[in-house]
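S.K.: These are the residues of each chain, in order.
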Amino acid sequence: MSYNVLLVDDSASLRKVIRKILRTSGFHMNECFEASNGREALQVLSRHWIDLVLTDIHMPEMDGFELLEAISRNEIWRDLPVVLVTTESNPGRQRRAMELGARGYIRKPFRPEELRSLLMRVLGETHESMANGDEGCDF
Amino acid sequence: MNQWQMVMKGVISELLETMFFMSVDFESSAVAVAPLYALESQVELVRNMQTVTVHLCMTRPFALVAAANFLGVEEKNVAWKDVEDVAKEMTNMIAGSYKLQLDDSEWSLGIPSIGTVTQAAGASAGTGLPLSHLGEQIGSIFLTESRREPA
Numbered sequence: 001m002s003y004n005v006l007l008v009d010d011s012a013s014l015r016k017v018i019r020k021i022l023r024t025s026g027f028h029m030n031e032c033f034e035a036s037n038g039r040e041a042l043q044v045l046s047r048h049w050i051d052l053v054l055t056d057i058h059m060p061e062m063d064g065f066e067l068l069e070a071i072s073r074n075e076i077w078r079d080l081p082v083v084l085v086t087t088e089s090n091p092g093r094q095r096r097a098m099e100l101g102a103r104g105y106i107r108k109p110f111r112p113e114e115l116r117s118l119l120m121r122v123l124g125e126t127h128e129s130m131a132n133g134d135e136g137c138d139f
Numbered sequence: 001m002n003q004w005q006m007v008m009k010g011v012i013s014e015l016l017e018t019m020f021f022m023s024v025d026f027e028s029s030a031v032a033v034a035p036l037y038a039l040e041s042q043v044e045l046v047r048n049m050q051t052v053t054v055h056l057c058m059t060r061p062f063a064l065v066a067a068a069n070f071l072g073v074e075e076k077n078v079a080w081k082d083v084e085d086v087a088k089e090m091t092n093m094i095a096g097s098y099k100l101q102l103d104d105s106e107w108s109l110g111i112p113s114i115g116t117v118t119q120a121a122g123a124s125a126g127t128g129l130p131l132s133h134l135g136e137q138i139g140s141i142f143l144t145e146s147r148r149e150p151a
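Top to bottom, those sequences are chains A and B. Numbering-wise, our numbering puts 85 at position 85 of the first sequence, and it's gapless, one number per residue. Numbering-wise, our numbering puts 81 at position 81 of the second sequence, and it's gapless, one number per residue.
Think of the hints as simulated: they come from the structure by calculation, not from any bench. Backbone N, C-alpha and C define an ideal beta-carbon position, used for all residues, glycine too. Any given hint could be a false lead.
BS3-like cross-link-like pairs, simulated, lysine-lysine; straight-line CA separation at most 30 angstroms [to be verified]:
id	chain 1	residue 1	chain 2	residue 2
1	A	Lys16	B	Lys81
2	B	Lys81	A	Lys20
3	B	Lys9	B	Lys81
4	A	Lys20	B	Lys9
5	B	Lys9	A	Lys16
Simulated coverage check for chain A against chain B, where a stretch passes if three residues somewhere in it have a Cβ under 8 angstroms from a Cβ of chain B [said to hold, decoys possible]:
id	region
6	65-71
7	100-113
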């Protein structure tokens, strides 16, 4: 299976780096969409089918927590896997992100293999839950 | 060397090795000529009324090599706006990792920005952490601190 991925970060260079890591690491990526903050991300989500979101926390206009809240409130998006890629290391904020529905967390700086490994784990869990029919009837 | 400089050395070494595929020295004794910095990036760490700003100054060659390595492209293909963006991201990651070494729960990290270049940054030992390569100073990290008076 190939995935449509949405990268959300106010740093264009970091989006480029992550896109390159995904392309070159054997990750099965179909299309890669980008947004520079949470508000743009919601626009992309409303227009395209996305399988995985990678988002920063600290962004102008709408940050990663607000994006997570918006995704968790939406019936269509609430089961969408969201992974945080951020400099934020505060355990309390990590816990808050998980409570809001984040599936994974990687702290910058990271090695390419660490990101790939995390994504495969997150998507593996997702597929497993879907195979078990745990996705509910929100769709 | 101050405590923050010792912490920052570890932070920078790990960051440059992990995502920029380069290394720097932290010796200023071999530097004969103060470098001409091409850009300065900064980000704030805020705790209650206290703000610590992390400043990263870079010479043009260092900034270009760092950006090219980070993006995985040749230096000639790096636009200056990309160099600035990478410098901001580098500062962001430095400050984030530095925050991890502080009492992390108390500090909030801001959004990095490009500031006015401070040519004398880190010129005096103790106030800045010089970054050098082959005896040539290529950058500097320094902190500034301010306190807001309670209303």
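S.K.: Each hint needs a verdict: does it hold in this structure or not?
M.R.: Going down the list of hints, with the structure as the test:
1. A:Lys16 x B:Lys81: The hint holds at about 14 angstroms.
2. B:Lys81 x A:Lys20: Distance ~19 angstroms between B:Lys81 and A:Lys20 Cα, so the pair holds.
3. B:Lys9 x B:Lys81: 27 angstroms, holds
4. A:Lys20 x B:Lys9: 28 angstroms, holds
5. B:Lys9 x A:Lys16: The given pair, whose Cα atoms are some 27 angstroms apart, holds under the 30 angstroms limit.
6. 65-71: Not satisfied, violated; 0 residues make the cut.
7. 100-113: holds (count 5)
Of the numbered hints given earlier, the model fails hint 6 alone.
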